[in-house]
Amino acid sequence: MTTESPLLLALDLGGTFAFALNGALSAIRVARLDVVGVLTLGMVTALGGGIIRDVFIDALPPATFSDWRYLVVAAAGSLIAFVFGWRLTRLSRPILVLDAAGLSLFAVTGASKALDFGVGTGQAVILGAITAVGGGTLRDVLTGRVPVVLRSELYAIPALLAATVVVVADRTGVYGLPAALAAALLCFGIRMLGVRYHLDAPRPPGERHDWDEP
Amino acid sequence: MTTESPLLLALDLGGTFAFALNGALSAIRVARLDVVGVLTLGMVTALGGGIIRDVFIDALPPATFSDWRYLVVAAAGSLIAFVFGWRLTRLSRPILVLDAAGLSLFAVTGASKALDFGVGTGQAVILGAITAVGGGTLRDVLTGRVPVVLRSELYAIPALLAATVVVVADRTGVYGLPAALAAALLCFGIRMLGVRYHLDAPRPPGERHDWDEP
Amino acid sequence: MTTESPLLLALDLGGTFAFALNGALSAIRVARLDVVGVLTLGMVTALGGGIIRDVFIDALPPATFSDWRYLVVAAAGSLIAFVFGWRLTRLSRPILVLDAAGLSLFAVTGASKALDFGVGTGQAVILGAITAVGGGTLRDVLTGRVPVVLRSELYAIPALLAATVVVVADRTGVYGLPAALAAALLCFGIRMLGVRYHLDAPRPPGERHDWDEP
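Residue numbers (this note's numbering), protein chains in the order written: chain W, 1 to 214; chain R, 215 to 428; chain P, 429 to 642.
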């Protein structure tokens, strides 16, 4: 499976669109940003994870930058959010759903592209997760928030699981559209359950529980 | 036009010096920093944009790092600000003017170098802007502020315009010193007008106007 | 001396372990993080400096990422801190000592690896310091703090001194285990003295002294 496969490209562009909408909506919601700020934050959220991945695997210039399709999809998602997003700014659900969609799709495509570049098994899993959380982490750093990957309910864990499914499927020769979609749905489902029930990964032993609601 | 052209080098070193002064003055103004902090922030502001650009175009090691002239100019600007800057720390105008100068020069040289490395038209425009705003964005992230590119009056737009002028001039075969200076002056003029009259890029529709002065 | 020398590898893994413990303990101390957040922050602190160095010297994929030994050591240090760290969270001394150890070891190995890749003398010194302070800077940015390199007592200066010792020893042909350990001890000693006596690098002239304790 090459990086030019229609499957990988379609999933990757889908994740790019979801993250662009999410990043731009976050920009409108958390800060007083103009059209440039919204566009910048949407594109950083959408393209940042793939750029970090491509630095790690030495696939420079980054595909998400040199391929105009990613730029157009990321810009389009950001502008759509800019024009229509103000009706949604009091609703946190669309932002969370779009973030979970981007997370799931990028975990799959990130791990898949890493495998194409011949990295080790563990590295491919980690790179899937980095691709998935990288854009959102840059978004949060730029808007002055502690990144969601550090603080939120089951954020990195579903991405790591999806990437693991991809790597195992690849190593056993069964990777294809069904496996990719199953991995993405697994990630999306766990993430949405975590959001719905405020599930957290284990906290350090001995931590006072009253820290949970300061 | 190669990256070794005297024109590109002179403009690039000029932008480096302006951003080094700006970054170091910002460091003195916003935080209680010692000489290392001032030097670090000056050099990050001056060299950061070019380093990000060189990662994107796979021109590693970054020119602004491996070429000692950039290091010396960036360090000299930072140290000058450290020694003489305390007299200016209550004046925001020099910081803004230096920032606009660095922004303008780097938009031109960033787009020009990107073209030399054969990137697409749209990518060259974006890389000009990234070169221009990258160092200041790192400066703001390191000092805990929301980056000026996300919040300020007409910051990225003049950089994008200057880069567009460079790319159009290059594609039509008229790029040279006059076109480069015209592009930089265009960016500088729009930026300073934006600062003077608090002009902003368009805000999202439906946004309450009382957000403007919280 | 190649990057595969046992000396460089041992010192580098030692620094990785120290920084992983430090980053994970910082995560437990400053923020309410779950196991993923602690592991992420430990690994970013441990591996970030080396990754930035490898981008600068075009040694991609980064050694600290593609070599599983670094990943295992960084993950192990983070998990040890996660399990046992809560007993230490009110003690700031272990965090400071581990940070000084990582700083010292990475300044030596960072400069040494940069020399192996043929960078200039000044660049090797700077890259030693970047390797030493890079992981901690990412840790601080991700947790919303102004990086220690910008604000603290003699942080970057001992790293620059250790890297200078390495570069001078290399250029004069006497680099080896004794010189490497001497450089690391020099850095560690100065850093701990700075912490103990609150020594600072020089402040800008004219600065009001009552800024020191706001």
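Please keep in mind that the hints were generated in silico from the structure rather than gathered at the bench. Cβ atoms here follow ideal geometry from the backbone N, Cα and C, with glycine treated the same way. There may be inaccurate statements among the hints.
[What the hints assert, rightly or not] Under 7 Å between C-beta atoms, here's a sample of chain W residues computed to sit facing chain R:
1) V36
2) I52
3) P61
4) A63
5) F188
6) G189
[What the hints assert, rightly or not] Distance windows between CB atoms, simulated:
7) R:I294 to W:L199: 52 to 62 Å
8) W:Y197 to R:L399: 56 to 66 Å
9) W:T172 to P:L613: 26 to 36 Å
[Claimed, not checked] If you want the footprint, here are the derived chain P segments under chain R, 3+ residues with CB under 8 Å:
10) 482-493
11) 570-576
12) 602-615
A quick look at each hint next to the structure:
Satisfaction of the interface hint for W:V36 is found here, the shortest Cβ-Cβ separation to chain R being roughly 5 Å, below the 7 Å cut-off. Below 7 Å, beta-carbon pairs count as interface contacts, and W:I52 has none with chain R, the closest being about 10 Å; its hint is therefore violated. Annotation: W:P61 was flagged as interfacial toward chain R, and the flag holds, the nearest CB pair being 5 Å apart, inside 7 Å. Because the closest C-beta pair between W:A63 and chain R is about 12 Å apart, greater than 7 Å, the hint is violated.
Here the hint on W:F188 is broken, as its CB sits about 28 Å from the closest CB of chain R, past 7 Å. Given hint, W:G189 at the interface with chain R, is violated; its Cβ is 32 Å from that chain's nearest Cβ, farther than 7 Å. About 54 Å separates the C-beta atoms of R:I294 and W:L199, a value consistent with the hinted range of 52 to 62 Å. Remark: the range hint 56 to 66 Å for W:Y197 to R:L399 is upheld by a beta-carbon distance near 58 Å.
For W:T172 and P:L613, the Cβ-Cβ distance of about 50 Å falls outside the hinted range of 26 to 36 Å, so the restraint is violated. Interface restraint, the region 482-493 of chain P with chain R: holds (5 residues with C-beta to C-beta distance below 8 Å; minimum three). Only when three residues or more bring their CB closer than 8 Å to a CB of chain R does the claim for the region 570-576 of chain P stand; here the count is 4, and the claim holds. Note: the region 602-615 of chain P has 0 residues with beta-carbon separation from chain R under 8 Å; the three-residue rule is not met and the coverage is violated.
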